[in-house]
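Modelling step: build the complete structure from the supplied sequences, incorporating the hints.
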Amino acid sequence: MKIVVAIKQVPERDAPVRIAANGKWIEETDLQYAMNEPDAYALEEALQLKEKYGGEVVVVSAGPERVGTVIREALAKGADRGFHIVGDDVAGRDALGVARLLATAVRAESPDLVLTGLQSEDVGMGQTGVIVAALLGLPHATLILQVEKSQAGVKVKRELEEGWFQSIELPTPAVLTIQSGGTKLRYATLMGIKRAKTKEVRTVKAADLGVDAAPVVALEEMKLPKKQKSTQILPGSAKEAAAALVEKLKFEVRVL
Amino acid sequence: MTLLPPTLAEPGRFSETERWIFIALAAASLTLFWLRFGPILANILQSKKDADFHLRPIGRRVWDFVWEVMLQAKVIRQRPLAGVAHAFVFWAFCAFAMVTLNHCATIFGSGFLNPRSTAGRFYDYFAAAFAVGCALGIAGLFVRRFLVRPKWLGALSWESGLIALLIFVLMVTYLGAFFMPNSGAGMRALWWAHTLTLLYLLPVIPETKHLHLVLSPFTVFLSRGGFSRIPPLAGDEDFGLVAGKDLTQLVSLQAYSCVECGRCTEHCPANHTGKTLNPKQVILGVRAYLNDCGPESAEPLLGKYNSQEAAFQCTTCGACEFQCPVGIEHLPIIVGLRRGAVNTGAWEDEHGGKLFLALERGSNALGLSAAERDKFVEKNALPIFDGTQEYCLWLGCMGGYDPKGREIVLALVQVMRRLGVSFGVLRKEKCTGDPVRRLGNDLLFQQLAEANLETLKRGQVKKIVSICPHCVRTIQEDWKEFGAAPRIEHHSEFLARHLGQLTPVQSQKKIVFHDPCYLGRYRGVYDEPRAVVSHAGRLVEAPRSGERSFCCGAGGGLAFLGEEKGERVSHARARELAATGAEIVGAACPFCNTMFRDALAAQGRGAPELLDIAQLAAQGLPAKSAI
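Chains as they are written, first to last, in my numbering: chain A, 1 to 256; chain B, 1 to 627.
Hints may contain errors.
[Unchecked claim] Once the Cα atoms are required to be at most 27 angstroms apart in a straight line, the calculated DSS-like pairs of lysine-lysine come out as: (1) A/K227 / B/K428; (2) B/K375 / A/K250; (3) A/K194 / B/K375; (4) A/K223 / B/K480; (5) B/K354 / A/K184; (6) B/K428 / A/K229; (7) A/K199 / B/K428; (8) A/K229 / B/K375; (9) A/K194 / B/K379; (10) A/K197 / B/K379; (11) A/K248 / A/K194; (12) A/K194 / B/K480; (13) B/K48 / A/K227; (14) A/K52 / A/K149; (15) B/K375 / A/K226; (16) A/K52 / A/K248; (17) A/K50 / A/K184.
Note that these hints are calculated values from the structure, not bench results.
Keep in mind that this is a model prediction, so the values were computed, not measured.
Structure follows, in structure tokens:
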């Protein structure tokens, strides 16, 4: 099974985010970057499929020079090859613009499966994966927790609302967007990093791909959320209050 | 019977036939010795070279050799009775070197210790004194091994009995000569009895643990030194101890030097609480591997010969390494096995994986957002280090994120403010890498060490103080591989130095001090925290304290791993501390603190209160509002 995993590099979770002077993006100097977490789960799913069924895992990422580090990280964790679409303006493109870049890479590889994270941790549009599918005319499924091979192609487990799951089958090739937490991520190892040095990373300039960069969605303004505190008193007996608290922790704050 | 001059050295009474028999037997004995010892020596020499080995500082090596080998100080100090008995046997062996040479020379008529010369006579009596000591010593050790039978010695070993008997016979046949008429069959029989015993003993040495006779002086002299010194990885294909090809000459030498005394296991907290880990078996596992597979094998070290489960049960408390009388450095071996498993991805553990991912993506071992630390710093108005203050106060993961650890930091801050010592905290800090270093994740450790060194360099930090012995050790010793870190001290050292400026607490409360492994055995700091404790109350000692302190169970990254097998180490220790009748347990490490928090609570009503030494020192200060 040949799998392409599309990965995005996003600011590190603890990074101090400041708004850029033009108010249209964040200040990128001094920022530390990391692999988008849902994409890390997509990569993990791909690696597990490869371990189970054999094949090849190719990672694709679009962005400036620095994006090379997440490609290396993916190679260190076990991906076989990398595909870097180099462009300094990628962060400024909308989901369609990025999906067009990724679609060219996927087309070149003609894989059995394309996996990517459900959404990015920075802008969180949740669209790139499905637009890639649309551009390539492939079937797709979102919010995927588990993938296995089936007769028709793949059988996947989708997460629905309120603890419900759905099981569906898709013919391959297909695009799947992966939900975080469906499996356990592997840690990076020294051996992986050393082995990754000899793996192939193909670089292509975004400008050379001849895709339309004109945005269809215009970003008006970026703002930091206002800090606010709100205290709620849960009424009733201890038992009722506890039940209400569990309810809130589960469905509002989603920490349980 | 009157004492006659010893006649074992009497030359010229042997027949030609006797000489030839001696030559044949001696040749057989030496050949057999070499047939057994040769492959062992080859295994050691064919092991990988230790890339970081330096003979310097030679002074330290000579001193260790004199202290641990010649004076037998470690053996005696840690186990006085058996130690003295052993020392007598050892010293007799040294004294007997000349006697034995002379003994063999006499059959050719060229004995050099002439019993009629003053020097010769003196030496014979000198050796005799040692022989008496040795005979008594070995008899004592025999009684201990076969009648007292401490469980750490393991199953009864008949070869030990045999060796004891052989040594005893050697001494008796030497001493017997003092009571024999000068010429006669009795004397000749003694000579032959002594000789045959000697020739029989020689080839027994390399196939039993008595190989330590030959190897351990070298092991002690050549040891890496320091404590738990983990060697840097050498080259692109070194991932730690994965297979035989990764065993270095020092590791192999140490594996063959083990005398199976079991001191390591006797003091091992994991072994004490029903876990699989047995440090002696780890070393013997490596030895068995070398014997079966050799130093060039690709067979994994973890598997048939050593268990991965055991390797990851080690708290790295270092009691084993500290106790070992033959210079075996257990920690580089145990951590080396972990490195081999983690650096290649062979170790799969839910909690371990979580810890690694938390540190790959975030800044602290607790997996919390760095903003939590910012909030703590802001809320307590801790000054930010800007290069003008004297100390950089290193918070560490526990001090920055853990509620109890924060209390310790705030107590220290209170004292520092009172003393008028200027300090600041860093705006950003990452975990020092201690848990991942001990768990064997070299990739993460290097990333964390380098990032922190860069921060400290940019901040122009000169002096650091920390509440955490793990941070102190890691910054001071383990980071050396990646650059020079500023001077760092533990807050016990800082507090002890400033005690004179603090008003003593007028309290007679009994306080038992628990030595953290990383402060005591790792750093050799025992007196300073005790001075602080004595300042705040009446110091009492736990049965196991100082360099023999018993671990809390948190070290080696284990604080972040899941449920323990067997009893919890922290509970065993908490019970011991509570049993001293102390009202307060004085701790000096936030990890010990977090372990004892639950463990003391589990002791039920009347369990002692738990306070860090910083909190003890702060007790004497006026209420916070007065600062």
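Verification of the hints:
Restraint check: the Cα-Cα separation between A/K227 and B/K428 comes to about 22 angstroms, which is no more than 27 angstroms; the hinted pair holds. Proximity of B/K375 to A/K250 is assessed by CA-CA distance (about 25 angstroms); at most 27 angstroms being required, the pair is judged to hold. Restraint check: the Cα-Cα separation between A/K194 and B/K375 comes to about 38 angstroms, which exceeds 27 angstroms; the hinted pair is violated. In summary, the hint linking A/K223 to B/K480 is not supported, as the alpha carbons are separated by about 44 angstroms, beyond the 27 angstroms threshold.
Proposed proximity of B/K354 and A/K184 is supported: the alpha carbons are some 9 angstroms apart, at most 27 angstroms. The suggested pairing of B/K428 with A/K229 holds, with an alpha-carbon distance near 26 angstroms, which does not exceed 27 angstroms. The hinted pair formed by A/K199 and B/K428 fails the criterion: a straight-line CA distance of about 34 angstroms is larger than 27 angstroms. Of the supplied pair hints, the one linking A/K229 and B/K375 holds, its CA atoms being roughly 15 angstroms apart against a limit of 27 angstroms.
Distance hint between A/K194 and B/K379 is unfulfilled; the C-alpha atoms sit about 43 angstroms from each other, more than 27 angstroms. Taken as a hint, the A/K197 and B/K379 pair is broken in the structure, with Cα atoms around 45 angstroms apart against an allowance of 27 angstroms. Simply put, A/K248 and A/K194 have alpha-carbon atoms about 46 angstroms apart, too far for the 27 angstroms limit, and the pair is violated. With a CA separation close to 22 angstroms, the supplied pair A/K194 and B/K480 stays within the 27 angstroms bound.
Straight-line distance between C-alpha atoms of B/K48 and A/K227 comes to about 59 angstroms, which puts the hinted pair past the 27 angstroms bound. For the given pair, A/K52 sits about 10 angstroms from A/K149 by alpha-carbon distance, which is consistent with the 27 angstroms threshold. Only pairs whose Cα atoms come within 27 angstroms are accepted, and B/K375 paired with A/K226 is accepted, the gap being roughly 16 angstroms. At most 27 angstroms may separate the alpha-carbon atoms for a hinted pair to count; A/K52 and A/K248 exceed this at roughly 40 angstroms.
Taking the CA atoms of A/K50 and A/K184, the gap is near 16 angstroms; set against the 27 angstroms cutoff, the hint holds.
Of the numbered hints given earlier, the model fails hints 3, 4, 7, 9, 10, 11, 13 and 16; all others are met.
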